[in-house]
Each structure stands twice: as structure tokens, then as C-alpha cells.
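K.L.:
Spelled out from the first residue to the last, the chains are:
Number of protein chains: 4
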Amino acid sequence: MLVVMQAHASAEDIRRVCDKIESLGYRAHSIPGAERTAIGITGNKGEVEPGTLDEMPGVQEVIRVTKPYKLVSRDMKEDNTVVSFPGTDATFGGPGLAIVAGPCAIESREQAFAVAERVQRAGAQFFRGGAYKPRTSPYSFQGLEEEALKIMAAIRDQFGLKIVTEAIDSESLELVEEYADVVQIGARNMQNFSLLKRAGRGRKPVLLKRGMSATLEEFLMAAEYVMSEGNYNVILCERGVRTFADHTRNTLDLSLIPAVQRLSHLPIVVDPSHGTGKRNKVTPLSRAAVAVGADGLLIEVHCDPDKALSDGMQSLYPDQFDELMVQVRQIAPVVGRIVAGSGVGAISGASAR
Amino acid sequence: MLVVMQAHASAEDIRRVCDKIESLGYRAHSIPGAERTAIGITGNKGEVEPGTLDEMPGVQEVIRVTKPYKLVSRDMKEDNTVVSFPGTDATFGGPGLAIVAGPCAIESREQAFAVAERVQRAGAQFFRGGAYKPRTSPYSFQGLEEEALKIMAAIRDQFGLKIVTEAIDSESLELVEEYADVVQIGARNMQNFSLLKRAGRGRKPVLLKRGMSATLEEFLMAAEYVMSEGNYNVILCERGVRTFADHTRNTLDLSLIPAVQRLSHLPIVVDPSHGTGKRNKVTPLSRAAVAVGADGLLIEVHCDPDKALSDGMQSLYPDQFDELMVQVRQIAPVVGRIVAGSGVGAISGASAR
Amino acid sequence: MLVVMQAHASAEDIRRVCDKIESLGYRAHSIPGAERTAIGITGNKGEVEPGTLDEMPGVQEVIRVTKPYKLVSRDMKEDNTVVSFPGTDATFGGPGLAIVAGPCAIESREQAFAVAERVQRAGAQFFRGGAYKPRTSPYSFQGLEEEALKIMAAIRDQFGLKIVTEAIDSESLELVEEYADVVQIGARNMQNFSLLKRAGRGRKPVLLKRGMSATLEEFLMAAEYVMSEGNYNVILCERGVRTFADHTRNTLDLSLIPAVQRLSHLPIVVDPSHGTGKRNKVTPLSRAAVAVGADGLLIEVHCDPDKALSDGMQSLYPDQFDELMVQVRQIAPVVGRIVAGSGVGAISGASAR
Amino acid sequence: MLVVMQAHASAEDIRRVCDKIESLGYRAHSIPGAERTAIGITGNKGEVEPGTLDEMPGVQEVIRVTKPYKLVSRDMKEDNTVVSFPGTDATFGGPGLAIVAGPCAIESREQAFAVAERVQRAGAQFFRGGAYKPRTSPYSFQGLEEEALKIMAAIRDQFGLKIVTEAIDSESLELVEEYADVVQIGARNMQNFSLLKRAGRGRKPVLLKRGMSATLEEFLMAAEYVMSEGNYNVILCERGVRTFADHTRNTLDLSLIPAVQRLSHLPIVVDPSHGTGKRNKVTPLSRAAVAVGADGLLIEVHCDPDKALSDGMQSLYPDQFDELMVQVRQIAPVVGRIVAGSGVGAISGASAR
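Residue numbers (this note's numbering), protein chains in the order written: chain A, 59 to 411; chain B, 59 to 411; chain C, 59 to 411; chain D, 59 to 411.
These are computed hints drawn from the structure, not numbers from a lab. Quick caveat, the model's predicted, so the values are computed rather than measured. Treat the hints with care, since some could be wrong.
[As the list claims (entries may be wrong)] Using 27 Å as the maximum straight-line C-alpha spacing, the simulated DSSO-like pairs for lysine-lysine come out as follows:
| hint | chain 1 | residue 1 | chain 2 | residue 2 |
| --- | --- | --- | --- | --- |
| 1 | A | K255 | B | K255 |
| 2 | C | K208 | C | K262 |
| 3 | B | K255 | A | K208 |
| 4 | B | K255 | B | K78 |
[Claimed, not checked] Derived contacts from chain C toward chain A, CB cut-off under 10 Å, selection only:
| hint | residue |
| --- | --- |
| 5 | M270 |
| 6 | S271 |
| 7 | T273 |
| 8 | E275 |
| 9 | R300 |
| 10 | F302 |
| 11 | A303 |
From the three backbone atoms N, C-alpha and C, an ideal C-beta is built for every residue, glycine too.
Pulled out of the complex, with its shape left as it was, chain A reads as follows (with noise of 0.2 Å):
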């Protein structure tokens, strides 16, 4: 259920239509949007009576929403969900496209600062590295932990750089949401309810990739559930789904963005890395992610990626990076974004094939 306020309704209003949902043991979301505010209407009860808000002060009208989501909803919301970062200009969903780069797993300080270095100066305003590795096999490397949190918190310090990172239950969110920036949630994690639930308490934007097989409708009903807590920033991230298909590791879905965008006022990313797990396909299909329309980028940048711990095939190397901002920031134009700094790479300018 909706509850679409009049363009001239008062904050007063407003909060006595929230007590009025609240008292009937509902939960109230109260989103202002650019003309007039609209109040999401959530609860674990069914429906509310619609009579009981339609005659209210300043209500426009009530909706009753036959989609499974509502918070996540154009209807609830027609503008874009910005996600910004106080004293930076970097965002989720602006006019600038979000660059996110770094190695697959924090390994030591060296190797972190190594890449940050370079990501930072090529341009990207982010930087992602695992502290905590959901691994297929309990045998492999898992992560340096809060260790790791600590190096990524130094590199915010000294390249000004945002930190992205996953937290893969209650105990690493806990530590991820002091340390970091943005609190990832991976795909294996995208129906993990109660880590959803818990990132929507939370006080840090979410990062939630989308499962390995999850439809639209589930992606968005898993935004939901972070939401319905009360934490609106959320960036969906579309990470490549499983296929019969075997010429890459998955097959990323660029029409998902569209889709999205259509449906819902959230930004969307692209992870070509994992989209495609091979580091031949990542520079193209970074090239197809911008021109298709995402919000931004998720790309793993190693300075030795034959002796990374983790997917070490998937990584660019640093001076593949460089190249891939140059051709970003050729294409990114096209579809109305700009692109931060001027970039090392903004010299070359060599062809794309």
C-alpha cells in the first residue's frame, strides 16, 4: 500500500498519516520525492484497510500496490536514488559514473596499496578488496579479516579513496560497517534474509550483487528486504547469472540494466569481472556495461595477478586498467555521464580492438 501525499501537504501531515500506519501496527516509510512526499506502508500483517488513511490532510490518494515491491519502486519514488558520500563528490546514481577497482582479496599491505595507487591515480573514486571470502571450499583462502579491513581503512586515508568490501554475516558486518564505506553483499548471499535484514539496520549503503539465478523480481524483492529495515541506499550490482553457456565463467545479462531502470529508482552497477571471469572480456564488456547505461563499474585490478590468492584470471593488470578508463571515458559521454578526474590513461587515447 501507497499513500501518495499532495504536492502542498505539510510535514505535519505528513507525520500524523506515519503515527496513523504506525498505530495500526504497520510500519511507515516516508520518502520525499522532488513535487510531493509518498509513504511506503510495509508489515508482516496483509493488507491495511484503505479507508481508514484516504480522508486524511493532505493525502492525495491511496494505491494499493499489486507488485511484491514497493520501496524498491518507481511507483513509490520516480527519481533516481543518488548515493552520495559527504566531503567527495563521488556518488551511486549521479551524473558521474561510479568507478569501483581493486584487488579480488586484500592479501598485505603492500599488495593493497600497490593497487590502490594505481586505480586512484587512473581515475576510479573506489576501492573494493575482499576482507572476507565466501570461498566454494572451506580449504581455501577465506580472508585476512579485520586485518584487512584496517589496510583498506589506510588507503581511505592516504589516496582518498572509498572503501568497498563484503561482509558475509553478522559478525563481519558489524566490522565491515565500521571500517568501510559501502557494505557489499555477494551473490551466494542474495537470499541470505537475515544479513539483509541485519545491512537494513545498518547505517552504511548497501552493495548487493545479484544472485547467481535470481530473477528481476527477485533481485528487487532482495533490495526490499534491506530496505523495509530502513536503509534506503542501496546499489544493485549486476554480476553475470548461470547459463549452459561455457565460454565464460557466467553470462553477464547487460539487459538487466534497462530492466532495472525501468522498474526501480535504485542504481545499478556492473561487475564485468565476475561477469565474465576472463581478462581478455573484461575491457569489452566494461565498454558494452557503460554504453548499455549502468551507474558505474566494478572491476578487479591486481599488480601480479598470476599470484593472486583469488581470481587471479579474472584481474586486469594495472596498465589494462589505464586503458579500459580511457575508453570508458570516451563512451561514457555518449549516455549523458561524466567521468571523474582527468586519468593518467586520458593521454593515450589508443584504439579500443
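Mind docking chains B, C and D on chain A? Use the hints.
P.N.:
Using the frame of chain A, we list chains B, C and D on its own:
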């Protein structure tokens, strides 16, 4: 790495090899077989030097295992694992077929007892019912939680049925272990590695459902996560995978059963209710699951499926479950299995089509 | 559009309705049922005006069919279609289970006769063997063509087995119709609509395999293509679909069997050889196919599979086929089916696992 | 098997090697490269003895090819294949991006001419339109057949557009070759090997669409079928594959483009109309296809899509096609491509989102 002990190796020999492994910073898993004991070595540090163990008394050979899974493998343990329950003859993996039945969710004491009475009478040894429900929407019924666990404990007392129910995070796992006989990990959490490790440190058998797009190897590796923490009582469950096919909710992959049985000693059961999502497909696919050689069935039964708070569409009426048991009893002997209890259904004998 | 005639409608009434339909530029398909006749209307011109037919003598009702398939539908013909072969009791869709067995490809007279002798002795009524092989590579063995057809005709004469073999284009179809008893259309040609229409104008029953990624509706529509040309003897065949799963060559989708049986009157058989692609999975999945309610099995058998020119990996040894027939004989009665012949295997009775 | 000739080998040397190969009962395919000639050996009889050819004059080396495809491979021919059309500068695989546009089906002379006029003006060099339509239902519009071919021939005369249209069997192929410039083989016929061979014996370039669940290897092998008969002008086309995802009709797999370009010298284009099945996704995915490096686009355009006899839902309005061409012109240079004609759209320059 796997240490195979000689047939005549003493308990002292075995203990010494285990101590040596632990002193090297790894973990030793001693698993006694019919003839000889094998000791699996796991750990987060890379490969052990085999030379260290090769020459110890009682050691027959040290095998480098190239498959990513070890503890789940038939290389490690040739005989089938039989998960048994003291004081009953109910097992998973023994000669008797394990029949687990009950409603998708526990909705009330009355509802649960009514179903329990019927499924016990028809020959089930296990009762299943959701206390914590992982639902796609945050606004759907999420389960009665501890209240449901108490109802199921009462069902065990009254009907002698063993209780199988799902845990969705560390907190619910704590409670499920306290009240239930088998802890279920759902498909959506198959790669929630924190939960798998936590279940591995628990004392109750774990029924692990295959993820919606999990390969055989990923499924076995998830079981390996549980076993690597010391809990060897893992029961696998095929419940359908996600494909393009739209005539069923999921595509039940019965070929997984012989594939698992070749590679692993763990028991594997089939859930045709989630595997098809349609009531009229449950009985034919249950017959097929028994015929293919599964160790048991998970069946949703509800006395009033049209009013079920979740998954009513795929729940059998008690009379249909009686009929299913009749057919299962006829097929089981062909694959060398027996079905406990004579069952009400035994009288009927109606044709299956 | 479907015209349902009254139970007492005369042959003359039926003829007049058909004439009327044809005079309107459509095609009439009169299909007599146990109680009453239904007349399907097909054509390339859009919808008929129902009013024209409603009032004619003998007409009970005119039904607008919203499902895209008509002739394949149970709405059109309630009773199961039984494809029978004069002079034998072999059928597809009758009480007897249809057992079709033979090598993937006919390689020589010796090879084919050796297999035929064994499968006939074990209880098969149909012999299958490839004369024209649709191979992924143009450089692979493409079949002995007409020579193979002659060998199979000789097998029919000697062993009394009915012959099932694939046609891959109009030219081969011409010859297959001349020599064989059932024309097979392979999975890769399921939407080769020209071939389907050509087979629909033929006089021999058509065994149509499901395409590798065909939905149930597309599969039924392919059968509709054959039937719309006047050939109503269509046998459907599930042979596995393409998914992400890699433990079998294809994923055998046994839930298709009850789904087809609900919607269509056509018989449906299962090919566990192509459906799994692995010899050790053929027997368990054959048991499952019979248990789920399929009308028959297609099994590849080869006396020396390691030397087979195609698909040796999935062919059973004759002894394994004997054993499979033993198990099939035990399961068939549970689903109300009988298996022709006592079979050599009947003696053994070994356990199925 | 591949014979690589020395750089200075004479035409006589090459001829002698080819003769030798043919005398051994195989087929020789001599393909001249920038520096040297390679000779592919194909045939249905197994491996050639390399010793026979190794010592002949002008031979540099004889390579056993382990990949199943030969003629399509970059090993065989390092330089990109450019399919060109005498008297025009339109190509597939050259520096210019190939733009193929037109209605799904030719419905009438008026409809076709109206679309042709618009797409030619916007910069397309190729006109596409269905004369023979492979439709899921036998009762759907199946195309105007030869009448449509005549309309398209008239369009070539009037607008100078080259004609691309689909053949569905030997009979239609005969006619399509007579009237059109490029013969299209549709996704459903990608493994109709008889049709592929027939097209391989033809004189017109073949545009081959990827099957709905074809792997990269199967796709290349289908092209190999055409080439093995002597027609080397094959253009590949990605048009979406079938997955569980339901927000688009198919899942457009853009990662196939760089994957094909690594392995094969053949040009590859993208069809975002069938690839998404939704009008509002065509433009963003067209941008992405150009950015990923495709050699061209196939776009459905219809002046009145709501009245289209097939696939109206995915057809662009002419104005939308103009706008798409503006965006394509902006992205093409980033990947080193040019777009023929200045195009009407070139004036506008509106933002892409």
C-alpha cells in the same frame, strides 16, 4: 591429503598420526571404515608434506587428493554413511527408506498435530515443518519461530516422529538444535558458508538442500564445509534446479542421485514438493525418486492446502499422501529398500495413474 | 476453434460440419472419441466466426480454444492416442510399455544383427539405429544412409522388431518412410518446420524428440505442426534439456511426463541414453522413467560400445540391458503397465543398486 | 590437419599439395593469408598421415589440429574475413559497421517500402525482411514467400540496399539465393545440417544465427558445416540465448563477441531485437553491442509495430531507429569503427538515456 591406515593399525597408531597432523597446524579427521581407518587432513594453509607421515607406524599410504572435496568423498570412506537416531530404527542411508512429511510451515498447534497424526499413520518416521521461513518477500509470513519449535517438540513426544526443520542463521540454529532432531539448511543458504560452518560445529545431523543453480561439485563442497568442522552426519537433498522450463516451478534433477552415490558416501533424499511446485506432479516424481535409488523423500502435506500460509499449491492432501505411500511401498523393494510400518495405505493398492 | 458434436450426431451431421468448415477456407480435423466426435478447425487465416457453426444439426458446442495448440490437446480428444502396428501387439500409449532399443548408429550388418538379437531376446519390440546421423561436426561419421535402412529392414524380417530411425531432411524422410515403421525427428530438428510438415503429410507414425531448450508449449506446438497436416500418429520423446548442470550431458526432465499427460492425449516416451549421456546413469533413470508413468523407453545398446562410431559412452552392454529389463518388469505393474515377453532377464532378479 | 606453406611457396607448390590431398581422398581448402597460404584438410575418413605432406616442396609445417573446427579458426586464417559486395562499400567485418534493418516480416509492398525508405535514410546499408517465417505455431502467419522476395528485390533496385532474408529449407534457399544478397539461416535451423550443407554449396554469403541454446563450439561447428562445402563467406549472429531470466525474451550474450573474435576470423553481428524481445531494450543493447566490438547490428523497424503480423513488440519506430543511429555513430569511433552515411539522425545528438 588422505592417510590410509593399514588394516591392522592400532588405535595408538591412529592417535599418533592424528597428533602429528595437528602438530603441523592442520586438522585430522579420523573416519573408521569396515576394514581400515582413513584420516583426512584439512586446513587453511596449503598442502602438507606427505613425507612426514608416510613412514609412521600403521600407515599404508598417503594419497594426494586432487578432487576439491575430501571428507564427502568415497575415496575417504567407502561405505555408505548411515545417519541413525538412537531409540528408533529410522535412518537416512540405511536399508529403510526415510520418509519425511509435514506442512510447509507450522501455522498452529491444531494444524500441525492434524498433519502429524495422518503422516505418522501412513508410515512417515520424520515430521517436517517450517518454524523460520526464508521468503522472497519481507512482507510474507515468516514463520512462528520458537513457538513452532515447541509445537514440533510436542509432536515428537506424542507421535514418536523425529523432527526436521530449517535454521536460517546462527540465532535460529541455536534454537533448532535445541528442539529438533535434524537441522535443515535451505537451498538459498547452501553457500552461506558461515551458517554451514556453524552447523558443522553443532551436534545434530544436517539436511543440506542443493542450491537453485548449484553444480554437483558446489553441492558436495557445501557438505564439505559442514564436515570440515567435525559434523559428519550430513544428508544431501535434491529439490529441483532453475532452468528455462516453465511447466514446473523448478526442474527436478533425478540424475543427481546416482551421480552423488558414485562420488560420495553421504545419503541423498529428494524433495518432489519444491522440486515440482505442483501438487499433481508430486506423486509421479516421488515414485521416480524411489525408483532412481534415493535414500528417502521429503513431502509437504497439509490438511487444508488452499488455506496454507505458504506453498499450499504443492502440498498433498493427507489422502493423497496415503496413496503415495502405497505406491512407494511397491517400488521400494525393486531397489532393495524397505519402508517402515505397514501403513494405512497398504490396504488399498489402487493403480498409480 | 473446436466443434464438439452431440453424442447422437450422425456421420452425415459430421460430414456437413466438416464441409462447411472447408467451404469457409479452413481445414477440418474430425477426431472420433469414445462417446462423441470433436472437430478441430485449423488454418492460416485467423479466427472463424463461431456463429456459422453453432446452429448446425448435431453440434453440441463451439469452443474458442485459447491455448495455441489444438489437435494435440486433451480438449480435442479426451482418450489417450494409441499408436499401434498391424499384426503385432506392440503399441505406443497402450497398456504395454514400448521398449525401443538398438545402437546409436548402424555401423555394419554384423554389428546391427548382433544387437538386434540380444534386445529382441530381452523383450524389446522396437529396434532403433541411426542411418542418418546429425553430428555436431561435419567431419564426424554421418551414417551409412540407405545401406543402414536396408540392414534394418532385414532385421525386421528376421527378428520381428519394428524399426524406428531418424530422418534429417525431405530426401532422407522419403527413404525412411519406405523402409522403417516409425520416423524419428531429432531434437535438433524439433523446430525444422518444413520437415515437420513433410512428416505430417507422410503415412508413418512420427516419434518427435524434444528440442534441447524447448518449453512444453513449443514441444506440443511442434507436434501440432505434424498433426495439422493430417498425420495424427505422433509419439513424443523427452531426451534431456540443456542446463548449467555438468554431471550429465543433458538434464533429464521427468516432470515433463505428467505435464504432457495432463494437456495432451499423445503418448510420451523417455530416452535416458541421450538424457544422461553416461552409461552408469541409464539404468537408474530408466527405472525412474517407468515409475513416473512414461509410455516407453528408448535405450542405446551396443555389443562393443568402446568401438562405437558415435555415442559409445552412453550405450549399454547387452547384459546391462537384460538387467534393466528385469527391473523395468518389476516396476511397470505399479503404474499399471505390462511388459511384453518374459525376457531372459526375468530369471535373474538381482538388486537394482 | 592444416598445412602451412612457406612465405615464398609458389602457386605451383600449393597446387601440388592440394592435388596430393585430394588424391588421398580428402578435401583441400586453400586459404591465402597476408603472408602465406594455409591449406585445410577436411574429410569424413579420419586422420591423414602427416608424413605424406611434410616433405613436399613449399611446405613449412603440418599441424595436427585438435580443436574440432578448422576452417572457421584463426589458426587457419589469421586475418579477419571481410564479406564484401561488389559495387558498394558495404561489408561485414570491414572498418564500416554493418547496419541491417527492416521489418520482421514483409507484409505488403507499401509496408516494406515505407520502412526501407526510412532505414536507408538513417544510414542502413542492408534491408532485412522475412519472406519465410519459422513460427512456433502452424496457424501463425508464415510469410508471403516469393512475393516478399520480389518486393525486396524491388527495394534493392530503388534504394540501393542489399537484401538479407531467411531460408528455411532447400526449396526456399533456392529462391532466396536468386533474389537476395545474403542468405540468413535462423536460430531454429542452426543445427539443420542438411540446410547448412546446402547453403555451403551456394554462391551467396550466409548469415548464421546462434541457436537458442548453442555453445560457442556448436555455433562455430555450424559455420564449419557451411565452410566445409566451399562457401567461406559466413557471418555469425548473436541473437540471445534461452535462460531462466524472464525480464527479456532471450538473454543477449554479448560476451560471445570477444570470444568469437579470439577463436575465429569470421565477422559477428548482434540482433538486439530478438535478443531482448522488447522495444525499450533495443537501443541500449544496440549501444552495448557496438561498444563490445560487434561488426554490425540487425534491427527490426516497423512503421506501425502494433499492427505487425509478427514480433511487433520488439520493432522500433522509424524515429527510434534514427535516434539509435545517432548514438551508434557516437560510440563506433571508440572501437575504431566508422558508420556509413551522415544519416538524418546526425543532426539531433540527444542524450541516450
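K.L.:
Checking against the hints above, which ones are violated?
P.N.:
7, 8
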